[in-house]
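Assemble the complex: chain A is given as a structure, and chain B must be docked to it using the hints.
There are 2 protein chains.
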Amino acid sequence: MEIIARFGIFETALTVDKAQAPVAYSAEFAHSGMRVTVPAFRDGDDRYLVRFMPCETGEWSYTIRLGDASSSGTFECVDTGLHGPVMADGTHFRHADGKRYLPFGTTCYAWTHQPQEQQDQTLQTLKTSPFNKIRMCIFPKSMPYNNNEPELFPFHKGKDRKWDVNRPDEHYWRHLDKRIAQLSELGVEADLILFHPYDRWGFAGLSQEESLTYLEYCVVRLGAHHNVWWSLANEFDLLPSKKQKDWEEYAELIGRRDSYCHLLSIHQCIKFYPKRDWMTHCSIQSGDLCRIPEWREEYNLPMIIDECGYEGDIEYSWGNLSAFKMAHRFWYSVTKGTYCTHGETFHREDEVLWWAKGGVLHGESAPRIRFLRQVLESLPESGAPLVRRIITDPNDSVENAGQETHPIVKVMSELTDAERKYWKLRFTPNIIAGKDFRLEYLGYQCRSVTTLDLPEGGKYRVEVLDIWEMTRTTETEGAYGQTRIHLPGKEGIAILTTRLKGEGLE
Amino acid sequence: MEIIARFGIFETALTVDKAQAPVAYSAEFAHSGMRVTVPAFRDGDDRYLVRFMPCETGEWSYTIRLGDASSSGTFECVDTGLHGPVMADGTHFRHADGKRYLPFGTTCYAWTHQPQEQQDQTLQTLKTSPFNKIRMCIFPKSMPYNNNEPELFPFHKGKDRKWDVNRPDEHYWRHLDKRIAQLSELGVEADLILFHPYDRWGFAGLSQEESLTYLEYCVVRLGAHHNVWWSLANEFDLLPSKKQKDWEEYAELIGRRDSYCHLLSIHQCIKFYPKRDWMTHCSIQSGDLCRIPEWREEYNLPMIIDECGYEGDIEYSWGNLSAFKMAHRFWYSVTKGTYCTHGETFHREDEVLWWAKGGVLHGESAPRIRFLRQVLESLPESGAPLVRRIITDPNDSVENAGQETHPIVKVMSELTDAERKYWKLRFTPNIIAGKDFRLEYLGYQCRSVTTLDLPEGGKYRVEVLDIWEMTRTTETEGAYGQTRIHLPGKEGIAILTTRLKGEGLE
Numbered sequence: 014m015e016i017i018a019r020f021g022i023f024e025t026a027l028t029v030d031k032a033q034a035p036v037a038y039s040a041e042f043a044h045s046g047m048r049v050t051v052p053a054f055r056d057g058d059d060r061y062l063v064r065f066m067p068c069e070t071g072e073w074s075y076t077i078r079l080g081d082a083s084s085s086g087t088f089e090c091v092d093t094g095l096h097g098p099v100m101a102d103g104t105h106f107r108h109a110d111g112k113r114y115l116p117f118g119t120t121c122y123a124w125t126h127q128p129q130e131q132q133d134q135t136l137q138t139l140k141t142s143p144f145n146k147i148r149m150c151i152f153p154k155s156m157p158y159n160n161n162e163p164e165l166f167p168f169h170k171g172k173d174r175k176w177d178v179n180r181p182d183e184h185y186w187r188h189l190d191k192r193i194a195q196l197s198e199l200g201v202e203a204d205l206i207l208f209h210p211y212d213r214w215g216f217a218g219l220s221q222e223e224s225l226t227y228l229e230y231c232v233v234r235l236g237a238h239h240n241v242w243w244s245l246a247n248e249f250d251l252l253p254s255k256k257q258k259d260w261e262e263y264a265e266l267i268g269r270r271d272s273y274c275h276l277l278s279i280h281q282c283i284k285f286y287p288k289r290d291w292m293t294h295c296s297i298q299s300g301d302l303c304r305i306p307e308w309r310e311e312y313n314l315p316m317i318i319d320e321c322g323y324e325g326d327i328e329y330s331w332g333n334l335s336a337f338k339m340a341h342r343f344w345y346s347v348t349k350g351t352y353c354t355h356g357e358t359f360h361r362e363d364e365v366l367w368w369a370k371g372g373v374l375h376g377e378s379a380p381r382i383r384f385l386r387q388v389l390e391s392l393p394e395s396g397a398p399l400v401r402r403i404i405t406d407p408n409d410s411v412e413n414a415g416q417e418t419h420p421i422v423k424v425m426s427e428l429t430d431a432e433r434k435y436w437k438l439r440f441t442p443n444i445i446a447g448k449d450f451r452l453e454y455l456g457y458q459c460r461s462v463t464t465l466d467l468p469e470g471g472k473y474r475v476e477v478l479d480i481w482e483m484t485r486t487t488e489t490e491g492a493y494g495q496t497r498i499h500l501p502g503k504e505g506i507a508i509l510t511t512r513l514k515g516e517g518l519e
Numbered sequence: 014m015e016i017i018a019r020f021g022i023f024e025t026a027l028t029v030d031k032a033q034a035p036v037a038y039s040a041e042f043a044h045s046g047m048r049v050t051v052p053a054f055r056d057g058d059d060r061y062l063v064r065f066m067p068c069e070t071g072e073w074s075y076t077i078r079l080g081d082a083s084s085s086g087t088f089e090c091v092d093t094g095l096h097g098p099v100m101a102d103g104t105h106f107r108h109a110d111g112k113r114y115l116p117f118g119t120t121c122y123a124w125t126h127q128p129q130e131q132q133d134q135t136l137q138t139l140k141t142s143p144f145n146k147i148r149m150c151i152f153p154k155s156m157p158y159n160n161n162e163p164e165l166f167p168f169h170k171g172k173d174r175k176w177d178v179n180r181p182d183e184h185y186w187r188h189l190d191k192r193i194a195q196l197s198e199l200g201v202e203a204d205l206i207l208f209h210p211y212d213r214w215g216f217a218g219l220s221q222e223e224s225l226t227y228l229e230y231c232v233v234r235l236g237a238h239h240n241v242w243w244s245l246a247n248e249f250d251l252l253p254s255k256k257q258k259d260w261e262e263y264a265e266l267i268g269r270r271d272s273y274c275h276l277l278s279i280h281q282c283i284k285f286y287p288k289r290d291w292m293t294h295c296s297i298q299s300g301d302l303c304r305i306p307e308w309r310e311e312y313n314l315p316m317i318i319d320e321c322g323y324e325g326d327i328e329y330s331w332g333n334l335s336a337f338k339m340a341h342r343f344w345y346s347v348t349k350g351t352y353c354t355h356g357e358t359f360h361r362e363d364e365v366l367w368w369a370k371g372g373v374l375h376g377e378s379a380p381r382i383r384f385l386r387q388v389l390e391s392l393p394e395s396g397a398p399l400v401r402r403i404i405t406d407p408n409d410s411v412e413n414a415g416q417e418t419h420p421i422v423k424v425m426s427e428l429t430d431a432e433r434k435y436w437k438l439r440f441t442p443n444i445i446a447g448k449d450f451r452l453e454y455l456g457y458q459c460r461s462v463t464t465l466d467l468p469e470g471g472k473y474r475v476e477v478l479d480i481w482e483m484t485r486t487t488e489t490e491g492a493y494g495q496t497r498i499h500l501p502g503k504e505g506i507a508i509l510t511t512r513l514k515g516e517g518l519e
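Read top to bottom, the protein sequences are chains A and B. This note's numbering puts the first residue of the first sequence at 14, with every later residue one more than the last. This note's numbering puts the first residue of the second sequence at 14, with every later residue one more than the last.
To be clear, the hints were calculated from the coordinates, so they are not data collected in a lab. Yeah, the Cβ is synthetic: ideal placement off N, Cα and C, and Gly gets one too.
Quick look at which bits of chain A chain B covers, simulated, 3 or more residues with Cβ under 8 Å:
#, region
1, 245-254
2, 272-286
3, 323-337
4, 426-440
5, 445-459
With beta-carbon atoms standing in for the labels, derived distance ranges:
#, chain 1, residue 1, chain 2, residue 2, range
6, A, CYS303, B, GLY200, 32 to 42 Å
7, B, PRO253, A, LYS448, 38 to 48 Å
8, A, GLU364, B, LYS434, 29 to 39 Å
9, A, GLU364, B, ASP466, 21 to 31 Å
10, B, ARG383, A, GLU364, 39 to 49 Å
Distance condition first, Cα-Cα at most 27 Å in a straight line; then the derived BS3-like pairs of lysine-lysine:
#, chain 1, residue 1, chain 2, residue 2
11, B, LYS437, A, LYS434
12, B, LYS472, B, LYS514
13, B, LYS284, A, LYS437
So here's chain A without its partners, still in its complex pose:
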């Protein structure tokens, strides 16, 4: 019996007479009471494919219907260590098998549209990078630094020289399949951008019907890869031809056609998409990260700041962050209880910028992002952001029960709702805390001293982390109560407090 990895792909090809009119194909997969039907999809004019990703180990049986005929078979699904699709888990993420997933993504919008050697180089770079997610477009990209023509396109052209969405180009899709599978081998999630505005070929101008045909093909063909995520758009709001009802139709189609419930988001430039039930998480563009608590309140979903600017030196304001600031934004996001995505845009005369084309990394933020990933992975749980804060100085406050006579609490109560909302955001600290730890990031604050209020009844290790030097230094071990800590007095410092096991009340 054929052996298929759990979360791997079962695939079988069906050859048809290409002169024949298209017939209905589908396949049903069954396993201990579970029954999943998937459609077949074209892979060339005379070939159809059936694909299925089994999520449970054990024996599966299947029946493939081909017009009036049908064929059957079985396979054995075994655990090979794959963790399966990533899904939302509260405001965090986990794999289908329960393993925690901490997204540390990067951005290479058009890497699969570049020369093959360059794509191989991109994979090589990813292999030694800290990144476990990549934002990438199905359609090629046209904008500054993106002037080269891709080798392959998703569709054949009709006699009218327009794209025929009913005739997908199998060479394009087989290539994309291969790249997604290679990402899987590297443990990288493929955050697939389904539509975007940066187009000179006509893909952004497909009719709604054509767009739906294309989208259904994507979902049926690519959905069997465990590591795909659906991003409805990069900057949906810069595609003025598409209305909200169009985006809703796309989401509805995915909901209906995706048998595996892959993650589904939509990404904006200026105007946020309203919260919808189909959204599994937020994919946000903004460098104004102090608004994270506001978005959290509005969406209450896992949140990735997928575009907070890129490390680089190009002239566009979104592409010239220092390496420090890129790393800072990761730390800032994470200590607000959310996640952040990397990208790199160093000006090059050959126009090969990582953010669009992949290749190699030239910047200095990636090792710092790895350091953060290691720190987070060393924590027992993901923790939750601290929203409230005790008044510790006359200029620092937030609504504190029993402090109504404090001048700041008093003045806060006299503000308009808009002002109050503004100040609540300003007063939110960068702290995540779990049962036995507390991670505070000081951002651009250069403190040389700080006072921690460690709960009595426990003993604590206090570590000082330098996000640039990537050092983690134990400052004190066994402390409790009011504890004065010396800090380096520079930007980019974090403080990790961990409760020592077996100390005090458990």
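Only chain B this time, still in chain A's reference frame:
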């Protein structure tokens, strides 16, 4: 005939029998049709002073009334190079004699309440500093790092051991007079804070009547110094015992009693004071400088970000900016068409922090602030901030006439008023421009290239300024039209474009 400097002080003392009941004193000063009446004020139990600052050169006559008696005299007022009080001039400042005044202030709240040698040291530091304004309190200050007792207090105490505001302590005020005069010698404006909340002696708790008595004394006694500014409060909103009508009474009293129309502002912590006719300028506390255009729209006054945070390393979030960030905030403010104030808060076990106590500077921002001051002083005029901007890249925009079909312009038009206001602020560049120059500050953007659009019909010098290294490098001379410029690809870069004299159409 006595010689008095223009904008200097004419002063004469009157001795009275201290057992006698207080009588009405006043003095009238006259010069070519101009007639100014000033009250006398107590300078000890048996001594009154009359003070007057002449603003015009030439012969002045005066009559001093002492109960029913009177005495007269004349003096000659001559120009000795003093420029006179600073006043508002549109959204900028100038001296009474017309000379442009660019405020580059610092903060030493309680420097006159420290040991005498330390005060002398503060003056010595100011002498070689770039600062030409100092924020300082009349009342002593009580908060962290401010635990020492001052030597002198503004009032004697009564038999009830409470402050008797009708009995000013002449030692305190003579000392303050001396320090203000010494600041004048250094070309430093004394921005006098009249009330503040950080108090352990009872000054913040004076009744409204007592406060008005104190305030009138300040105005009459100190107003004759050309270099005083009135700051009604540091953080008025953290003095919950004072209502808006109280602050209005203070402003009204100053308007009535100050013969010289010194600058008058009020400074907030959280809640902005509404715009009032008596305000000559804004004195703002905020580190959120992207809101400057919003404040400008609301107040349309000269604006000083008097508290944007301090260079230092203490644990309070308002006191641990890096030197770079302090310098950055100066550049940022100035290229939004406003001004900024320095302060320094490096933790010291002896608690002598410049921000409160003066002494010496330990930081690295002051030389960078001097560099900025030199750059601004080299410009022919103050310039105005650029509010609008041509779309230069797909993620960068603002309301541009004729661009209605541009996707960003379109999405901007679909925003709510609040969102639109937010984005207008985010899109405002850091550029000031005059007739023949344009100064752009790139902030944290690390551009290695940029494209300038220099108007045809002129030729231009393009200089690249490094705010940290304090260098000013001519990148090209005689350029016009679309001009590609190489930049260092680091944070803290500014670009100064100057039209060359005699080139093109004048």
